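Chemist: Sequence:
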Amino acid sequence: MRKGTIYKSEGKRLITQHYDNYLKSFDFDVEQIYVYTSYGKTHILVAGQPEGKTIFIFQGGNCINPMTLSWFLPLVDKYRVYAPDTIGHPGYSSESRISAKDNSFAQWIKELMDYLNIDSSAFVGPSYGAGIILRLATFMPDKIHCTVLVSPAGIRLGSKIRMIKDILLPLVLFNGTSSQKYLNKITDTMSDQSLIHISRC
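Our numbering puts the first residue of the sequence shown at 291, with every later residue one more than the last.
In short, the hints are calculated from the structure, not lab data.
These numbers come from a predicted model, not from an experiment.
Note that the Cβ used here is the ideal one computed from N, Cα and C, for glycine as well.
Check each hint, because a few of them may be wrong.
[Said to hold, decoys possible] Ranges between beta-carbon positions, derived for each pair:
(1) GLY342 - LEU461: 23 to 31 Å
(2) GLU401 - GLY342: 19 to 27 Å
(3) HIS435 - SER315: 26 to 34 Å
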């Protein structure tokens with residue numbers, strides 16, 4: 291496991307500030323807990339019905355967890371929702387990355403479930419979060435009661451030319467100019483123009 295930080299600038303402060311502001315926008319209670327695993331400290335958002343069936347929601351890659359949670363808000367009315375900040379991604383979990391090439395993600399999830407006394411659960415994940423669930427399905431399928439994978443990472447590569455044109459080029463231009471126009475281009479592409487205002491920072 292690689293040690294260190296995922297941040298290279300004051301971005302950490304801005305991201306955690308946005309994370310906290312996003313949490314304040316919810317009209318339901320969200321508990322925040324920490325679980326210490328062999329991969330590092332994991333911050334988990336807990337919401338929904340205390341007696342409801344459990345469901346884990348995993349954030350998309352480099353996306354803050356409250357934003358991912360906001361896409362699945364109706365689940366809070368019925369389920370006990372656990373939304374871990376993926377280790378090595380924006381949020382309050384440890385900043386060292388977990389390998390996606392072996393059973394590490396499956397073992398990490400198992401440690402979280404063991405701490406919470408959950409034998410099996412429903413799972414939801416968009417993008418990279420779906421890829422994490424696929425690692426669990428590969429190595430420990432008995433932990434999964436059912437799952438929804440939204441545009442899962444790791445199944446098919448998209449067009450490299452389109453990615454360069456629609457994401458990489460605007461990212462380079464944003465980095466050089468800090469223009470909101472280029473940031474909007476990136477977020478519109480990645481969300482099919484469906485992001486709400488708070489999700490744009």
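Chemist: If a hint holds in the structure, say so; if it does not, say that too.
Modeler: Results for each hint:
Between GLY342 and LEU461 the beta carbons are some 40 Å apart, a value that contradicts the proposed interval 23 to 31 Å. Our hint of 19 to 27 Å for GLU401 and GLY342 holds, since their Cβ atoms are close to 22 Å apart. For HIS435 paired with SER315, a C-beta distance near 30 Å keeps the hint of 26 to 34 Å intact.
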